[in-house]
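Trainee: Chain by chain, the residues:
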Amino acid sequence: MKLSGSQILLESLKKEGVDTIFGLPGGVVLGIFDTLYHEKSIKVILTRHEQGAIHMAEGYAKATGRPGVALVTSGPGATNTVTGLTNAYMDSTPIVVITGQVPSQMIGNDAFQEADIVGISRPCTKYNFLVKDVKDLAQIIKEAFYIATTGRPGPVLIDLPKDVTFAKTEFKYPDKVSIRSYNPTVQGNKWQIKQAALAITKAKKPVLYVGGGVVLANAHKEIRELAELTQIPVTMTLMGLGAFPGMHDLSMGMLGMHGLACANWAVHDCDLLVAIGARFDDRVTGKVADFAPQCEVIHIDIDPTSIRKNFKVDIPIVGDVKFVLKDLNEALRDSFSQNGDLKELRKPWFAQIEKWKKERPLLYHQESSVIKPQFVIEKLYELTHGEAIVTTDVGQHQMWAAQFYKFKNSRTFLNSGGLGTMGYGFPAALGAQAAFPEKLVINISGDGSIQMNIQELATAVVENFPVKVAILNNRYLGMVRQWQQLFYENRYSSSYLDRTPDFVKLAEAYGAVGLRATKPDEVEDVIQEALRVKKPVVMDFVVDPNENVYPMVPAGGSNYAMVFEDPKPVHDDKPARMADPDSILTA
Amino acid sequence: MQRIISVQVENKFGVLSRVSGLFSGRGFNIESLSVGTTTDPSISQMTIVTEGDERIIEQIVKQLNKLIDVIKVVDLTENEFVEREMALIKVHARSEDRAEALRITDIFRGRIIDSSPTSYTIEISGEVRKIEAMINLLRPLGIKEIVRTGRIAIAREEAKMLVQRERKVAEG
Ligand SMILES: Cc1ncc(C[n+]2csc(CCOP(=O)(O)OP(=O)(O)O)c2C)c(N)n1
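Protein chains in written order, with our numbering: chain A, 21 to 607; chain B, 14 to 185.
It is worth saying that the hints were derived from the structure and are not from the lab.
Even for Gly, the Cβ is constructed at its ideal location relative to N, Cα and C.
Check the hints yourself; a few may be wrong.
[What the hints assert, rightly or not] Listed next, the in silico DSS-like pairs over lysine-lysine satisfying Cα-Cα at most 27 Å (straight line):
no. : chain 1 : residue 1 : chain 2 : residue 2
1   : B       : K79       : A       : K342
2   : A       : K22       : B       : K75
3   : A       : K332      : A       : K346
4   : A       : K332      : B       : K25
5   : A       : K162      : B       : K25
6   : B       : K75       : A       : K192
7   : A       : K214      : A       : K192
[To be verified] Here are some chain B residues pointing at chain A (derived, C-beta under 8 Å):
no. : residue
8   : G40
9   : N42
10  : E44
11  : T51
12  : R107
13  : P130
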């Protein structure tokens, strides 16, 4: 029997196990949405903005490990996906985005709602397709999912002209694909793994530097085994949080610009750095010349271009982190069983790390009158027992969440790490909630960020997603204000938000629940109430507008030279400047 | 240092822009790029001339390899290779200069492929140095227009065999 392009799309998505699509219709995709009208096995979640749809697909993918799917119309629908595609590309998130396109005969004619989305999205997708013939459609969908989910995962876009959705052909879904020019390396080189094992056995002051690749590869068990077997302390990037339990004895917490002192100092002092699924991002390394200056470096990554891109590596291993770690653990098991008491060997190193931990722990001072933002995060952690899926937007609140919520499990901290997209967190939370209706999902946001995709409150209410939003409301674009204070002599150019909306009323206007805390002793009650309600809730925490994120490595500075509190003014009227605002490493 | 990189790609629309977009997007330099099909019509061959230090070239080769449509990347500069470029040069050739133009064309084994009462169009191919030398000699006559193909290059067969032999030894 012959099927139309729309039906083929639907049947193919079913074959790929897709259960949820995020999207918003328009002229050229009406046929597809019509086909979905009676479909029971695929739920379509209507968003209020296409950017929301893409971020939801990302949240779904990050929380589940399965590809997220979005469906939007041509032209403006398609261009609204660009930020999300770039975001997914930077964070290696597997999503498949289907955009409608004007009919084939009209492509290139500046037709109504035409945009060259294949051209526009080329640099921000792992791959993209324009479907020219309905006969190719099934094959293309198969390849799209294959490319999105294998190797270093990423976003794939399929541009589907209207006439192709109506054209008919015989449907046969391919069982397998092989693309001759695309063969990601999965197994690591055995000889290199042996070298790595040798280096680990010999090291006295080793550190594991764990990135988002470990989460992507579902290698959290293997990382834990490696750390415990070899007794190596672990530090994580923002994207790696959750890959190793935050409360584990071997955890040093996050490293980098707002990382913990002990983590940054340990990396600076170590004699062996094992980088796993991490890419030496500039937010992590600070001044590269001073990052891990005197150690041997092992780098494990599925993407060969990540290796030696901006950092020297002595032992590179290309492969899927999970496979490589299995082999590495295997190779290490023998030598470590013969190695006597490892804890004894590492004693001086652990003593040093303990000393650093005590010397410079994470600190803030909660007074009686104003709520400190860090206090809110600590309470959230306490009252959810660290079991929630937490998404954040971008800014100070994101860093406080990373510092003060101790993530236990992989895939429970969803973040825009690579692109740093304000407006990501709330829709991502909805995507995670769509995947796990029973789980507790919290979006920690700022009063600036939440306003970038707040319209999705309507989606949350309609879908009855019990997502909790915790706004750390400081009336500022807080992170920008912090930089202006530290680097631009308190000139708060365009960072004061002045009239932020009444978030409680706004929540109510959408049909959600709004709660507010203005004093420290109200924080716990508000959170308890939010957790009790089985509805979307917006919590407006009115926090100290002048609180800054510390510790901090000044832009362009070295990770060991961290700053722990506001620098004292030099003269009464002139605040001290921390570093060069024109550094190539920027906000 | 200048490098010549040979890239085999799927012969599909959009591939050229993926490759050139990779260079522009990552700030790599393209000095020349030429493309044509191979004996297998589904595969195109690109010759890319670029410049950069070891680290940049390593990144260029890896990034090219990472593109889904790229089948094979070879840095020809690592071994022996032969290269050619072709140019079409239109020069003024007034009666008093015509003999000189012919003589230069002859020395460089070029060919006149079009002539008019006031001009010649000369076809020349060879190594870049040769083409540049010829252009320099023609310059006094007055050059009206030059069109160059960019370089194409291919590994020397002997070198290729040697590399294969070495690889076999290395792999035991
Ligand atoms: C889409 C987008 N625009 C601009 C920025 C630059 N930026 C980074 S942090 C920040 C301030 C965020 O303010 P808010 O959401 O209120 O969070 P806070 O820092 O106050 O916690 C801005 C504007 C960005 N990351 N993303």
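Trainee: Checked against the structure, which of the hints given earlier come out wrong?
Mentor: 2, 4, 6, 7, 8, 9, 10, 11, 12 and 13
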